[in-house]
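Chemist: So the chains spell out like this:
2 protein chains.
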Amino acid sequence: MFQIFSLKNGLDNVKGFYSQGINAGLKKDKNDIAFIYSEEECDVSACFTSNIFQAAPIKHFKKYPKDFKTNFILINSKNANAMTGSKGVEDIEEILQNLNQYNPNIKNPIMSSTGVIGYRLPKQTIINSFKKFDFQKKDSNGTAQAIMTTDTFKKEIAFEVKLENGKSFNIAAICKGAGMINPAMATMLCFIITDANIPKKDMDTFLKDAVKDSFNTISVDGDTSTNDTVLLFSNKKSGVYEKNAFYEALHLLTKELSMQILKDGEGATKVVAFEVKNAKTYEDAKKAAFALSNSLLVKTALFGEDPNWGRIASTIGASQIECDEEKLTIKYDNIIVYGNGTKQMNKELEEKAYKIMKQDSFKISCNLNMGSQTYTAYGCDLSYKYVQINAEYRS
Amino acid sequence: MFQIFSLKNGLDNVKGFYSQGINAGLKKDKNDIAFIYSEEECDVSACFTSNIFQAAPIKHFKKYPKDFKTNFILINSKNANAMTGSKGVEDIEEILQNLNQYNPNIKNPIMSSTGVIGYRLPKQTIINSFKKFDFQKKDSNGTAQAIMTTDTFKKEIAFEVKLENGKSFNIAAICKGAGMINPAMATMLCFIITDANIPKKDMDTFLKDAVKDSFNTISVDGDTSTNDTVLLFSNKKSGVYEKNAFYEALHLLTKELSMQILKDGEGATKVVAFEVKNAKTYEDAKKAAFALSNSLLVKTALFGEDPNWGRIASTIGASQIECDEEKLTIKYDNIIVYGNGTKQMNKELEEKAYKIMKQDSFKISCNLNMGSQTYTAYGCDLSYKYVQINAEYRS
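Listed in order, the protein sequences are those of chains A and B.
The numbering of the first sequence is our numbering, which starts it at 3 and goes up by one.
The numbering of the second sequence is our numbering, which starts it at 3 and goes up by one.
Honestly, I wouldn't trust all of these hints.
A pair counts as met if it fits within one copy or between any two copies, since identical chains are not told apart.
Derived pair list, reagent style EDC-like, types lysine to aspartate or glutamate, alpha-carbon separation capped at 20 Å [claimed, not checked]: (1) LYS65 <-> GLU327; (2) LYS61 <-> GLU324; (3) LYS80 <-> ASP308; (4) LYS61 <-> GLU327; (5) LYS64 <-> GLU328; (6) LYS30 <-> GLU166; (7) LYS125 <-> GLU41; (8) LYS365 <-> ASP308; (9) LYS61 <-> ASP326.
No lab work stands behind these hints, which were simulated from the structure alone.
If we strip away everything but chain A, and leave its shape as in the complex, we get (with noise of 0.2 Å):
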């Protein structure tokens, strides 16, 4: 058995890390530039966006052979470096060359974007800031504003995990997104880092199984950005190493920061669950589910706090899955809206019903009855605040 230990300041509980973020001028005031690196080389494991445009950092990544080290990513917000073609990677490789003359410990180091698609990077700014970077610096909140563009908060967590034996290993992250958030990855980047002595192949395996539970399962917009990045890296430093307890704690860990990022989409007021049960097959479960979370006349009812089941259904109707109305069942959390074939409230399951969505989260769940397959996706509702960001940014 094992035990897992929730601790503050993210990054910097981690043996052999460091981080820190500063302004380079890319914003005013705010943190734009950050870096994580640990002095002994890492195993990384990456999972990239599904966008077919992808990003110039995961292009340049690739370029590096399978199964090779780095003890060291850049990190910049307000540009995303996408779209901008084979000139997108050479910069970045101009940019990452001025590193060693800072610091000549740095090997095969990696780059991660985010912000406004289509232009070329400020190379010689970001450039000139490295002189501001101290490698022997633990500044997890640092780091994790510096990756903020739209968030209202930053995003970091720490786990201390402690085996039976007595001996413990640590695993953090931060992480951003708030909008572009969809399945398949979001405008998200996340960074884990573990001190924990796992294998390469455990931790492609595991990486990969966390962000399907977790970051795929949620969606403010539906829209799926060019960037999105989750990267692992482990640099064995304690020693200590348990399979399920690190599976356990890197579940626990990309579950709670997808919900963050759900919870500071943008505009958003409140986080609902979307469960479809028993459905025929897994694929129409999880179609069924993910029509809901990005319906936007669901997402209006939401923001509306109105219990209008009836956009539940259509939604489920139109999302062209295995159903029958007969079969069909809604519920508000707790309450039976519809099932039989016909609507289930009277005006006191309707008042309760009112109640139930002016919660900050709470779960629709739709039993279709037809097989015994389920999925959950995680949405958030619509509101001015969204129309009002998405309309202004980047002006």
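Using the hints, position chain B against chain A.
Modeler: Just chain B now, with coordinates in the frame of chain A:
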């Protein structure tokens, strides 16, 4: 050759057809019940929603034998009679049974509904309103008003089609639809009537074709309703028909009505054509075009009048079609903003792009240069007003 003339007063132009809109008390002071009636029995062709949960009026229609004839449709707004199970269909049968005591000439009456999902029809209120019906009335205006929900203006249209021999037939329609609008039919009802002497076979083929090229190319919010219906009635009363002329007039009529629906998209301030050119397959072109017209990030950028083409590129990449960022060209009307793998905008072109975005309608054209297939989807922007309308609808 033939000529098509636009006429005022919609349905009133077609020989032998009568229509009226009245207030039955479903809404306060507004028309909420309407009928269209023909002395002669009509052939009728239908296109219905692709939503798996079809509303009761659609199920009722389908109970008639194939190629049945009818001369009467009853239409109500405020209540969709959807998700009401077998009772919903029985309600329609009971309501329609009462018509013959007011007009014994009515044969095989049908019904169509739009409004909130999940509530039984107020049967007696509707039946009580029949005494107000005047079956010799020509009241296209009142009829078009009675079928409105969140529509801000009534939608009616009429053409006279004049053949070379001097003879002519008329075709006219009313429709409604402002939100829940998506390809594969929208929350839209459209009733087309004609006195052309058209064979039933041509009616079926031509209607399917016209709907594909008009209503099925538009989307307001990507939500497909339970009630979408397009019906074409012909009483042959003019005795005149010419294949090409009818085909052309029907296409013109449905295209014009679909653009009216889009202009009336809930909260929409502009209509945009999303053209995807030179895709490898027709499916790719269509998928990418609809991805653009339904993307929240694209729709909010349109509302913000921001030529943020990065969101266009990202959405195409996210749509999972075959594409290559080095081959893609993006144009706003005649201004190239992206091509040859990089941004093409200087200060001057950006000024021009900003001006284009301020127009009520314009075209965003994406040339994939992967093949020869093209599709154009039509969409609108997403404004605060959309959120307001849909957060508050029903209450």
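Chemist: Each hint needs a verdict: does it hold in this structure or not?
Modeler: Hints and how they fare:
Taking the closest pair of Cα atoms, LYS65 and GLU327 come within 20 Å of each other only across two copies (18 Å); inside a single copy the shortest separation is 51 Å, beyond that limit. Within a single copy, LYS61 and GLU324 get their C-alpha atoms only as close as 39 Å, which misses the 20 Å cut-off; across copies the closest is 18 Å, which meets it. When the C-alpha separation of LYS80 and ASP308 is checked against a cutoff of 20 Å, the pair qualifies only between copies, where the shortest distance is 17 Å, while the shortest distance within a copy is 37 Å. With identical chains, the CA atoms of LYS61 and GLU327 are at most 20 Å apart between copies only, with a shortest distance of 13 Å across copies and 47 Å within one.
Taking identical chains as interchangeable, the C-alpha atoms of LYS64 and GLU328 lie at most 20 Å apart only when they sit on different chains, with a minimum of 18 Å there against 51 Å within one chain. Taking CA atoms no more than 20 Å apart as the test, LYS30 paired with GLU166 passes in neither setting, with 49 Å inside one copy and 71 Å between copies. Neither within a single protomer nor between protomers do LYS125 and GLU41 lie at most 20 Å apart by alpha-carbon distance, with minima of 26 Å and 77 Å respectively. Taking the closest pair of Cα atoms, LYS365 and ASP308 come within 20 Å of each other only inside a single copy of the chain (14 Å); across copies the shortest separation is 36 Å, beyond that limit.
Proximity of LYS61 and ASP326 under a CA criterion of 20 Å is satisfied inter-copy only: 14 Å between copies versus 45 Å inside one chain copy.
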